[in-house]
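Asks: Construct all of the structure, not just a fragment, from the sequences and the given hints.
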Amino acid sequence: MADSASTGTVQDGTGVIMEEFSYDDAIVRKFLFATVIWGTVGMLVGLLIALQMADPRFNLGLSFTSFGRLRPLHTNAVIFAFAGNAFFCGAYYSTQRLLKARMFSDALSKFHFWGWQAIIVAAAVTLPLGLTQAKEYAELEWPIDLAIAVVWVAFAINFIGTMIRRRERHLYVAIWFYIASIVTVAVLHIFNNLSVPAGAFKSYSLYAGVQDAFMQWWYGHNAVAFFLTTPFLGLMYYFMPKAAGGPVFSYRLSILHFWSLVFLYIWAGPHHLHYTALPEWASTVGMLFSVMLWAPSWGGMINGLLTLRGAWQKVVDDPILKFFVVGITAYGMSTFEGPMLSIKSVNALAHYTDWIIAHVHTGALGWNGFMTFGMIYWLLPRIFQTKLFSKKLAELHFWIGTFGIILYVVAIYSAGVTQGLMWRAFDATGRLTYPDFVETVTRLIPMYWTRVAGGSLFIVGMLLFSYNILRTWQSRPARYDVPVVKAPRLTPVHREDGPKAAPIAGLLPAAVHRSWERKPILFTVLTALTVIVASLFEIIPTFLIKSNVPTIASVTPYTPLELYGRDIYIREGCVNCHSQMIRPLRYETERYGEYSKPGESVYEHPFLWGSRRIGPDLAREGGKYPNLWHVRHFANPQEIAANSIMPSYPQFATTPIPWAVIPKRVDAMAMLGVPYGEAINNAEAMARTQAAAIAADIEASGGPAGLEDREIVAIIAYMQRLGRDISAPTAVALVGDGEQP
Amino acid sequence: MKLSDIMSNAGLSVFAEVALVLFVLAFLGIIWWVFRPGNARRWESDAQMPLDDLHPQQPRQREE
Amino acid sequence: MSDKDRLIEHEYDGIQEYDNPMPRWWVIAFWATIVFSVAYALNLGGIGTGPGRIAEYETDMAAWRAAYPQETPVLSAEALLAVAAEPTSVAAGQAVYEVNCVACHAADGGGGIGPNLTDAFWIHGGAITDLYVVITEGVLAKGMPPWGRTLAAEDVAAVTSYVWSLYGTTPAAPKDPEGDPVER
Chain A
18 MADSASTGTV QDGTGVIMEE FSYDDAIVRK FLFATVIWGT VGMLVGLLIA
68 LQMADPRFNL GLSFTSFGRL RPLHTNAVIF AFAGNAFFCG AYYSTQRLLK
118 ARMFSDALSK FHFWGWQAII VAAAVTLPLG LTQAKEYAEL EWPIDLAIAV
168 VWVAFAINFI GTMIRRRERH LYVAIWFYIA SIVTVAVLHI FNNLSVPAGA
218 FKSYSLYAGV QDAFMQWWYG HNAVAFFLTT PFLGLMYYFM PKAAGGPVFS
268 YRLSILHFWS LVFLYIWAGP HHLHYTALPE WASTVGMLFS VMLWAPSWGG
318 MINGLLTLRG AWQKVVDDPI LKFFVVGITA YGMSTFEGPM LSIKSVNALA
368 HYTDWIIAHV HTGALGWNGF MTFGMIYWLL PRIFQTKLFS KKLAELHFWI
418 GTFGIILYVV AIYSAGVTQG LMWRAFDATG RLTYPDFVET VTRLIPMYWT
468 RVAGGSLFIV GMLLFSYNIL RTWQSRPARY DVPVVKAPRL TPVHREDGPK
518 AAPIAGLLPA AVHRSWERKP ILFTVLTALT VIVASLFEII PTFLIKSNVP
568 TIASVTPYTP LELYGRDIYI REGCVNCHSQ MIRPLRYETE RYGEYSKPGE
618 SVYEHPFLWG SRRIGPDLAR EGGKYPNLWH VRHFANPQEI AANSIMPSYP
668 QFATTPIPWA VIPKRVDAMA MLGVPYGEAI NNAEAMARTQ AAAIAADIEA
718 SGGPAGLEDR EIVAIIAYMQ RLGRDISAPT AVALVGDGEQ P
Chain B
192 MKLSDIMSNA GLSVFAEVAL VLFVLAFLGI IWWVFRPGNA RRWESDAQMP
242 LDDLHPQQPR QREE
Chain C
534 MSDKDRLIEH EYDGIQEYDN PMPRWWVIAF WATIVFSVAY ALNLGGIGTG
584 PGRIAEYETD MAAWRAAYPQ ETPVLSAEAL LAVAAEPTSV AAGQAVYEVN
634 CVACHAADGG GGIGPNLTDA FWIHGGAITD LYVVITEGVL AKGMPPWGRT
684 LAAEDVAAVT SYVWSLYGTT PAAPKDPEGD PVER
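Protein chains in written order, with the numbering used here: chain A, 18 to 758; chain B, 192 to 255; chain C, 534 to 717.
Simulated from the structure, these hints should not be mistaken for laboratory data.
All C-beta atoms, glycine included, are put in the ideal place defined by N, C-alpha and C.
Just so you know, not all the hints are guaranteed correct.
FRET-style restraints, in silico, Cβ to Cβ [to be verified]: (1) C:631 - A:653: 18 to 24 Å; (2) A:459 - B:209: 30 to 36 Å; (3) C:554 - A:447: 52 to 58 Å; (4) A:543 - C:567: 22 to 28 Å; (5) A:675 - B:209: 47 to 53 Å; (6) A:78 - C:567: 52 to 58 Å; (7) A:459 - C:663: 30 to 36 Å; (8) B:231 - A:501: 33 to 39 Å; (9) C:628 - A:78: 30 to 36 Å; (10) A:460 - C:571: 39 to 45 Å; (11) A:447 - C:571: 37 to 43 Å; (12) A:138 - B:231: 47 to 53 Å; (13) A:61 - C:705: 40 to 46 Å.
Replies: Below, the structure written as structure tokens:
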């Protein structure tokens, strides 16, 4: 490959000083293995939760394998472990080559690698234990969040350091995408996770209700944008030309693509909150910026696909290009669908349904999955310095994977549309056609089984992939050849700079020299500014609480027992299946009751509006059923509704309430400004009184005795409180059983 | 004092409008920069960057 | 070296990579989305937020309430007893009961979460009109849903007649009596 014969720093005939260096591919290999291992784990967890939706017995009767706890594990594993490691793998490979420089610090690279894997392990342990912040894709509790920030900063320093030491004058567009991703993810992560700890692995979001929802979906949408989209676009702009053997179709377009995404994406988050209690102007901004994202995104797709112009015949017998073509097409499909789903009237149908799940999986399986597979197949012979074990297996992987995606996505689209239409159906008498929620679930079960089949095929492909990698790795050389690369040393002048540029490097003042080095920093700062200023533009007005969140006098904080019950709700991941946000739409208010008002959420740290209704909305659950109904329903939901797919929670009736933690939780809430008053000094006694009252009612109505110190009374206290404040004639007393039916 | 109260009283909403104007100007500037004929050669050589792992397309100094 | 060869080949071919124009339809779409967004934001030409989601909801609700006044008709005891005397309506009521009521009152009416429906004890009155009202309006404090909102009027009457017919049957696991005895 390289002219490894030469040694030392040399000057060529024209006096150019050449430097010798090598690329660090060991780190690329490490990230490659991590990608494949965590990808397989994350997808298998996905398969398990898909089975749980088809048949609740797959919850296995264990608290830490129930859907509510495993769903965040699945999403975190595929986003941060699979896609994250894939991004790092490709970024470490391409960055060094695009900058003609070894990574700034091998130690930081290793720290990044091992730190990230440790975080993944911590996630895999804490999420099944129910330690969660209950914010989607930001579930990990505060100690892990701190670790993520540290590792991410190490990565950023390593990356920027490499840019400063680069030997290539210009930064290729892929590097821009990487920088934007690194900077934005840091900003998103820090601001969305601000919280007040209430224990070693328990915290409450700094924001409440509408503001928290806003921050969360500013984060959530941009996590998709800057963790799953821009990093992979960077990879596309490097690996697609590599695999196709020619430069990108239009470099100009790639730059426009970049700036359009950076300018537009950051505003689009509120489209996740259409028809909720979010102010309507924010919803409109989110929709319009999403609509405007369509053309730039398709520009990127066209740019990627047309890079193959004149080379389409290569696709026939190259599995790598096949993966890229389908991956980029999936990007095009999901970036058309995204703007479409952000249109309010479409969103009214799709929100809370499986349609969103199908949309996400077009992106995750098609775009992130297939781009990763293509990239790794391309990398294998290069970083293991041997032949790919089997091209035929790679072909098979491609076809099985593609078929799996189609099966998955078609089934779940139809599930989403079916359920959305059933929810809004009215019969000839003006009543809901399907008033029983379970009916709308039962109808989906065959589609859920189809999803299991599609997902299984995708995983079979993943196993073929792993096997191919393993066999390729086995045929690696005893020692990897480390080619020596030569490139001219970093000097400040370039001919194109015109008459101002001095021809002899040595004569230039140091300031000019440094100005070149500062450029990547300047670029990074500008990108950060773009993102932060755009965010502020959207976020600041929602914090002007007086105009956006009209207060409701009868809304009061949860009692200490209800607060603990809410923590159980958070721990079990109930928010993954139950929304608490009734939209002002006739079919919603007929089914669930009065639509949710912004002022009802003012003490919701974090907000629990949810994004998916696998089960019914619970915003007005309080008082709907007797306490005994809840006791029986938690113990065995299928006893109450035969076709329910809810996991059972018999352990609530046996697990004792740890009374000592309740005052700590109340203190943390009070620190956030929740007006607890007397309850701060008296939390435990108040909780015990309320628990005894509920337990007595359960016993009196024919239920089991002795529940007054069990978790079941706490979660029932919370359930019975939901949505009642708004109709309370006066403020609900903090103590007492006044609100118990 | 709640965070929202602090934010309410800070009078920050004017920054939002300023930001929007700056944004539009910056984006227009970028479009101009991208389509400036003088930059065409730059894009041409930049696009070649991924294709050569060993030799810089735009070394920081190069006698031509 | 292969990468370098390809690079040279490309330069040799003289391919003009950088002035590739975007497809016309793409350019039109790009501007169309911007025009749409501006029009929407300013509520031009019938697109846009219009009166807003709350106002639209209230208009929709008012129109719907006018079209379907949902009051379940008030029926006299005679009318209800006449329905209860029809075997077909009792059978229809049983079907409604099995879908909606068994979770709390058991399949044979013996009760569980809710009270026993077979004995002579009634919490909210034991006349057939009382049954009808409780089923229609529910008892919010006890967790009995207002079925008049979800069931058609004839279904409410049918299920009332079915519950009426359960009197005096012997369920497998009867719940203890609640409320006051009512002679029939």
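Asks: All the hints need checking, so say for each whether the structure fits it.
Replies: These are the hints, each one checked on the structure:
Range check, residue 631 of chain C to residue 653 of chain A: about 19 Å between beta-carbon atoms, so the 18 to 24 Å window is met. Taken as a hint, the range 30 to 36 Å is violated for the pair residue 459 of chain A and residue 209 of chain B, whose Cβ atoms sit roughly 54 Å apart. A hinted range of 52 to 58 Å holds for the C-beta pair residue 554 of chain C and residue 447 of chain A, which are about 56 Å apart. Distance hint check: the CB atoms of residue 543 of chain A and residue 567 of chain C are about 23 Å apart, consistent with the given range 22 to 28 Å.
As the Cβ distance of residue 675 of chain A to residue 209 of chain B is approximately 50 Å, the hint placing it in 47 to 53 Å holds. Here the CB-CB span from residue 78 of chain A to residue 567 of chain C is close to 55 Å, well matched to the stated 52 to 58 Å. Checking the proposed 30 to 36 Å range against residue 459 of chain A and residue 663 of chain C shows it holds: the Cβ atoms sit about 34 Å from each other. With their beta carbons about 35 Å apart, residue 231 of chain B and residue 501 of chain A fall inside the hinted range of 33 to 39 Å.
One distance hint, 30 to 36 Å for the beta-carbon pair residue 628 of chain C and residue 78 of chain A, holds here, with the actual separation near 33 Å. Between residue 460 of chain A and residue 571 of chain C, the C-beta spacing of about 41 Å keeps the proposed range 39 to 45 Å intact. Between residue 447 of chain A and residue 571 of chain C, the C-beta spacing of about 39 Å keeps the proposed range 37 to 43 Å intact. For the pair residue 138 of chain A and residue 231 of chain B, the supplied restraint of 47 to 53 Å holds, since their beta-carbon distance comes to about 50 Å.
Between residue 61 of chain A and residue 705 of chain C, the C-beta spacing of about 44 Å keeps the proposed range 40 to 46 Å intact.
Taken one by one, the earlier hints fail for this structure only at number 2.
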